[in-house]
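Colleague: Residue-level listing of the chains:
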Amino acid sequence: MIEAALRLEKAGFRLQADFSIPEKGVTAVFGPSGCGKTSLLRAIAGLEPRATGSLSVNGQTWLSADSYLAIEKRGVGLVFQDPSLFGHLTVEENLLYGRKRLRNTEQMTDFNELVNSLGLQNLLSRRPAGLSGGEIQRVALGRALLAQPRLLLMDEPLSALDQEGRSKLMSILEEFLQQVDIPVLYVTHSSDEVARLADNILLMSAGSVTASGPLQQVLGAVDQEMSHSDTAFSVLEGSIARESVPGLSSVDCGEGICLRLPQSATDRATGSRARLRIRARDVSICLEQPRGSSILNILPAIVEELAAQQQGGSRLLRLRIGDNQILSLLSDYSVQQLNLQAGQAVYAQIKSASLI
Amino acid sequence: MKHSNCRLKCLSAALAVLAAAWVGNAHSETLNVAVASNFIAAMESIEGAFESQSNHEIQLIRGSSGKHYAQIRSGAPFDVFLSADQVRPRRLIEEGSALPTSLRTYAQGQLALWSRQEGLSLGGEYLLDSNDYRTIAIANPRLAPYGQAAQEFFEYLQFDPRQRGQLVLGENIAQTLQFAYSGNADLALVAFSQTLALNEERAGSVWLVPATAHEPIRQDMVLLSDTPAAWEFAAFMASKTVEELLLQHGYLLPELSP
Amino acid sequence: MLEADIAALFITLRLAVTTTVILLILGTPLAWWLARTASRARSLVEAVIALPLVLPPTVLGFYLLLAFSPDGPIGATTAALGLPSLAFSFWGLVLGSVIYSMPFVVQPLQNSFAALGSRPLEAAATLGAGPLDRFISVALPLSRRGYLTAAVLGFAHTLGEFGVVLMIGGNIPGATQVLSIAIYDHVEALEYSQAHWLAGGLLISSFLVLLVIYGTNRRVHLMRSA
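Protein chains in written order, with this note's numbering: chain A, 395 to 750; chain B, 254 to 511; chain C, 109 to 334.
None of these hints come from the bench; they were simulated from the model.
Wrong hints could be hidden among the right ones.
What the hints assert, rightly or not - Estimated spans, in silico, between C-beta atoms of each pair:
#1 C:SER314 - A:MET502: 25 to 31 Å
#2 B:GLU508 - C:ILE321: 58 to 64 Å
#3 A:GLN572 - C:ASP241: 44 to 50 Å
#4 C:ASP241 - A:GLU397: 35 to 41 Å
#5 B:THR354 - C:HIS304: 33 to 39 Å
#6 B:THR465 - C:VAL156: 51 to 57 Å
#7 A:PRO443 - C:VAL156: 26 to 32 Å
#8 C:PRO192 - B:GLY372: 44 to 50 Å
#9 B:GLY372 - C:LEU191: 47 to 53 Å
#10 B:ALA323 - C:THR166: 16 to 22 Å
#11 A:PHE505 - C:PRO137: 32 to 38 Å
#12 A:PRO443 - C:THR166: 55 to 61 Å
Glycine residues also receive a C-beta, built at the ideal position from the N, C-alpha and C atoms.
Turn these sequences into a full structure, and let the hints guide you.
Modeller: Here is the structure:
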């Protein structure tokens, strides 16, 4: 469990972040550029000596009114945005740098296992100078983990990579981060990354934490500032189902709810975990079950909550479909026309969803 | 007719004035005199005396004779060279840079033992017997005749300064004095003329080394320009006025044969 | 004469090596502080260190001569401690050389440390390395080039020192007669051929040493950081 109330003042910027994070899982720290995500991460790591407030990690006090635990004693693994490998050491020496400095030989991650799962076996004797961006970040991740950290911090690790590097690393991270058994804080401004990797989310804006909690719950809060943006989205979890019709994929979201997508998912095994990202503006509502529609996914839903206020002529609703919740962005006019109320049974038309 | 005659007269009068002025200017020269560092105090007095009875002026360039020699060889515009030794003027004559007939010993230097501490009774016995000093400075014998003389003095005394403590070499006689003046060297063998030029408060203790204790320190001069002004200066250097000034400044009169 | 010249060579080398080693040791913490501090005192310290770059060496020599004398601060201290005066001594020359060559060593080190940036050191800290550990295992190896430059410049500058030594050396063979003074004396004494031997020899050997060092440096350079 991580509990924090951090304060930091930098040139023209003030960080005032109060939050708590569970012991397990990937928590995305999400917000627009400049909202203080990186400062927050640095403050947690101890890289901001002027930070004040309190911070405790798994019962250990890292920061309080009268104590400040030195960076090297915190056991925090940090993967920076830009390359941070030691140029004068080989990949292997880089990987072992933190391991060599461990004080107590507690339970240790197996070196070879980690190297293999990150795909670094062939790079061990090379030097950082010749590596690609993606390779560098994988080594940085391996290096951080081999030092047996209590907490893993990742600061937009994909942003310095090109398109190809990003997608390659993303696939590795998706699988890898699920197996890590320490809490992970993942800073990003990409909703895509949030959707694919996060179990929980910390929303930030102008130096403060505006919401925190499990992903779906936070995303579904209709009065949330983030939800008011045009890019508001929901995430559904499910598993790949067998699809009889070629050219279509099926995702089983439990309770008989199956979403179909016009994309091929032949590269994914049946039954493997899948997430769907659905933009709120792609979800419309019908009071009766429509017929003869081109839309693939029309599902019965219950209106759970409407946003208290309309924004720019639009109104956000949260719908419940089985076990899941989806956001829908409608014109305020439509909401009034259809006289939509909380608790009402409707049909949700999901125009498009991305399999991520 | 009358008009043009008048004009002619005016013109010739003007020309005559100009000519007189031009000729008069040609007679008033500035002599560049390169003078050895140890002689500078005496030279300033001589300069004053010369300029008050000649319409020529003197520009003094002080420095080590070694540098002056090198500069003259490279074409420095000096008219007169007053060296600290005899070797360099002769070399210049051999090399054709100086006028042979102008070679003359202009002064003979005296060596002095000096300390900045007041009230010491310095002398040969002091050097040999006293335990109060550690460092003694002399000019580099390879470069300065006073250094050479100092070495000869040590031999005369059968005294090895390195047995005592340290022997330190100054690049020139001025630096040698400076070492003792600043207190870094306890004693220095310098030109007697230098000790006379010191301020009364800093006069320290002096002992004149007898001339028999070393080879005579003959300082030669030579002319580099063959001009009337230069020759006038050369003649002046042999005058009674200068002889008095030499004695006043702690030099001996040059012996007749160079 | 040849003996004296060889002695001058050894004194000169000894002076250059001693000065360079002392400056590398003293210069490291100083350059580190300068590279990383935000203190207002930094400009003042930088200006003081850079003074020898703009002052004629005779100025330094002059003040040292005064300082070494029995009524100067350094001379009084050495006398009080029962030590011999630093004037006309090898260690006096070392002190003069250290002051005079300091900017040539501190500035390359400072630049090298500053060029590291904070990233590698922050990474090292998160991996469990304490401050001294970070310096030795990360900062030093990444600053190899800066150290090489500092050492070469410090050594070369001391090798060529003349003005300071002229003022405070006293030209004692085997102790303070360095090569530059020996050459000067040969010239003054009109011994041009000896002067040629010494000066030419110094020129050629310095050039060869620099060539070797910069050639080796190229290979170090090719293994830069990511």
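Colleague: With reference to the structure, classify each hint as holding or not holding.
Modeller: Here is how each hint holds up against the structure:
1. Hint check: SER314 of chain C to MET502 of chain A, Cβ distance near 54 Å, so the stated range 25 to 31 Å is violated.
2. Distance hint for GLU508 of chain B and ILE321 of chain C: a CB-CB separation of about 60 Å, consistent with the stated range 58 to 64 Å.
3. One distance hint, 44 to 50 Å for the beta-carbon pair GLN572 of chain A and ASP241 of chain C, is violated here, with the actual separation near 34 Å.
4. A hinted range of 35 to 41 Å for the beta carbons of ASP241 of chain C and GLU397 of chain A is inconsistent with their spacing of about 30 Å.
5. At roughly 35 Å, the beta carbons of THR354 of chain B and HIS304 of chain C sit within the given window of 33 to 39 Å.
6. Distance hint check for THR465 of chain B and VAL156 of chain C: the Cβ-Cβ separation is about 55 Å, which falls inside the suggested range of 51 to 57 Å.
7. Roughly 28 Å separates the CB atoms of PRO443 of chain A and VAL156 of chain C, a value that falls within the hinted 26 to 32 Å.
8. Under the hint 44 to 50 Å, the C-beta atoms of PRO192 of chain C and GLY372 of chain B, about 25 Å apart, miss the expected range.
9. For the pair GLY372 of chain B and LEU191 of chain C, the beta carbons lie near 28 Å from each other, so the given range of 47 to 53 Å is not met.
10. One distance hint, 16 to 22 Å for the beta-carbon pair ALA323 of chain B and THR166 of chain C, holds here, with the actual separation near 20 Å.
11. For the pair PHE505 of chain A and PRO137 of chain C, the beta carbons lie near 36 Å from each other, so the given range of 32 to 38 Å is met.
12. Evaluation of the 55 to 61 Å hint for PRO443 of chain A and THR166 of chain C yields a failure: the beta carbon distance comes to about 47 Å.
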